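Trainee: Sequence:
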Amino acid sequence: MVTALTYWDITAQISAGNIAAVYLFTGEEVFLKRIVEEELRSQLLPGDSLHFNYNVFYAQETPLPVVLDTVRTHPFLAKRRLVILKNADHFDDYEREILSFLQSPVPNTVFVLETDKKLNDKFVKKLAPLSTNVVFSRLEGKGLEKWAGLYVRSQGKKISPDAVSVLAEKVGNELEVLSSALEKLCLYVGEAKQIQSGDIERIIKKTREDTRFTFLNALAGKQTARALAMAHELSRNGKQVSDIIGLINWQLKRIENVKRLSAEGLSQERIARELKLSPYAVKIVATQAARINNQELMRGFQLLLDNDIAIKQGRISPALALETIIVRLCTSK
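If you're matching positions, the sequence shown starts at 3 in the numbering used here and goes up one per residue.
If you're looking for bench data, these hints aren't it; they were derived computationally from the structure. Owing to the predicted nature of the structure, the values given are computational and were not obtained by experimental measurement. Keep in mind that the hints are not guaranteed to be accurate.
Stated by the list, open to error - Below, simulated EDC-like cross-link-like pairs (lysine to aspartate or glutamate); rule was C-alpha separation at most 20 angstroms, straight line:
| # | residue 1 | residue 2 |
| --- | --- | --- |
| 1 | Lys-128 | Asp-94 |
| 2 | Lys-172 | Glu-193 |
| 3 | Lys-119 | Glu-97 |
| 4 | Lys-119 | Asp-94 |
| 5 | Lys-224 | Glu-41 |
| 6 | Lys-119 | Glu-176 |
| 7 | Lys-285 | Glu-193 |
| 8 | Lys-144 | Asp-11 |
| 9 | Lys-81 | Asp-71 |
| 10 | Lys-159 | Glu-193 |
| 11 | Lys-160 | Asp-201 |
| 12 | Lys-314 | Asp-245 |
| 13 | Lys-127 | Asp-94 |
| 14 | Lys-160 | Asp-123 |
| 15 | Lys-148 | Asp-11 |
| 16 | Lys-124 | Asp-95 |
| 17 | Lys-144 | Glu-176 |
| 18 | Lys-81 | Glu-142 |
| 19 | Lys-119 | Asp-91 |
| 20 | Lys-124 | Asp-91 |
| 21 | Lys-127 | Glu-97 |
| 22 | Lys-314 | Glu-63 |
| 23 | Lys-124 | Glu-97 |
| 24 | Lys-124 | Glu-99 |
| 25 | Lys-128 | Glu-142 |
| 26 | Lys-255 | Asp-245 |
| 27 | Lys-128 | Glu-147 |
| 28 | Lys-124 | Glu-30 |
What the hints assert, rightly or not - Label pairs and their computed distance ranges (CB to CB):
| # | residue 1 | residue 2 | range |
| --- | --- | --- | --- |
| 29 | Leu-79 | Pro-320 | 55 to 61 angstroms |
| 30 | Tyr-190 | Arg-74 | 49 to 55 angstroms |
| 31 | Ala-14 | Lys-128 | 51 to 57 angstroms |
The C-beta atom is built at its ideal place from N, Cα and C for all residues, glycine as well.
With the hints as constraints, model all of the structure from the sequences given.
Mentor: Written out as structure tokens, the structure reads:
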């Protein structure tokens, strides 16, 4: 019987530096997959080495030989390369080639095969014995309480098990949505250290909140996993990739304008009038603007332009362009 790791198992192993050559990520909890991918990137590819040794492919868009050749490519200025293959189950017609390749893993590359399928899927079941398997299931009960507790602790807060239960009842247990709600709660309680059930009752609605704010805030805070997860949620809610890239451009322009007017000595109230924004919006953008210098801002605009050209020339898919933009913006210094 094939054994499988949980989210908690894999994060502990990565922290300890115990990283396998081949992973098979299964299950529906996309948010946790993104967190683990970010942890792998951080461990394997610090600093500028990320740009030369990190590749993401979508099986329905990229020929298998291209993927495998990249996996075989020796890393540049790093000990190991990281290659992620999304929707790996789309290569089920190439079962023999993939299984043969996985028989002899490349020692200098960490190869992650990702699918939403379960381990009992016919094709996935054949990959499993040749991989380190990680199942990303929806968190429930104690697991959800643990995750929520760790999440708010990172922001200097605590939350009771009862409050987690109330929150899950209102917004469900999808971590993309829960993380947005927890972020909102941490801001709402202000200086208080404990999030209570009453706080949730007052500010969390049963309808899922617009994730645009959370996406842009994660991007400004260089939280790669969260920004990728929020982009996925926006896409699932009907936003086109071009709309999301446009949203990033819109926010960079707002940051540019706020930085310029602040440098001219204008108060936030005056900036709000000049830009026809609410004082609260200016306050949020000003906080984000403080995290990014002018050089980073210009690189951000150039990154958007380069990927726009690449999309139009057919050199990159819109989905991969969006992921590239997010990762580069979140890892820029």
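Trainee: Taken at face value, is the distance from the CA of Glu-176 to the CA of Lys-144 at most 20 angstroms?
Mentor: holds, 15 angstroms
Trainee: Against the range 55 to 61 angstroms, how does the distance between the Cβ atoms of Leu-79 and Pro-320 compare: consistent or not?
Mentor: violated, 29 angstroms
Trainee: Return holds or violated for the Cβ distance of Tyr-190 and Arg-74 against the range 49 to 55 angstroms.
Mentor: holds, 50 angstroms
Trainee: Is the straight-line distance between the alpha-carbon of Lys-119 and that of Asp-91 20 angstroms or less?
Mentor: holds, 8 angstroms
Trainee: Does Glu-63 sit within 20 angstroms of Lys-314, going by the straight-line distance between their CA atoms?
Mentor: holds, 16 angstroms
Trainee: Given the hint of 51 to 57 angstroms, is the C-beta distance from Ala-14 to Lys-128 inside that range or not?
Mentor: violated, 28 angstroms
Trainee: Compare the distance between the alpha carbons of Lys-81 and Asp-71 with 20 angstroms, and conclude whether the hinted pair is satisfied.
Mentor: Holds, because 18 angstroms separates the two Cα atoms, which is no more than 20 angstroms.
Trainee: Would the pair Lys-128 and Glu-147 pass a check requiring their Cα atoms to be no farther apart than 20 angstroms?
Mentor: Distance of about 34 angstroms is beyond 20 angstroms: violated.
Trainee: Is Lys-119 close enough to Glu-97, meaning Cα to Cα at most 20 angstroms?
Mentor: Status holds; Cα separation ~16 angstroms.
Trainee: With a cut-off of 20 angstroms on the C-alpha distance, tell me whether Lys-160 and Asp-201 pass.
Mentor: Holds: Lys-160 and Asp-201 sit about 13 angstroms apart, inside 20 angstroms.
Trainee: Is the hinted pair Lys-124 and Asp-91 satisfied, with a Cα-Cα distance of at most 20 angstroms?
Mentor: holds, 10 angstroms
Trainee: With a cut-off of 20 angstroms on the C-alpha distance, tell me whether Lys-124 and Glu-97 pass.
Mentor: Holds, because 11 angstroms separates the two Cα atoms, which is no more than 20 angstroms.
Checked against the numbered hints above, the structure violates hints 2, 14, 18, 25, 27, 29 and 31; every other hint is satisfied.
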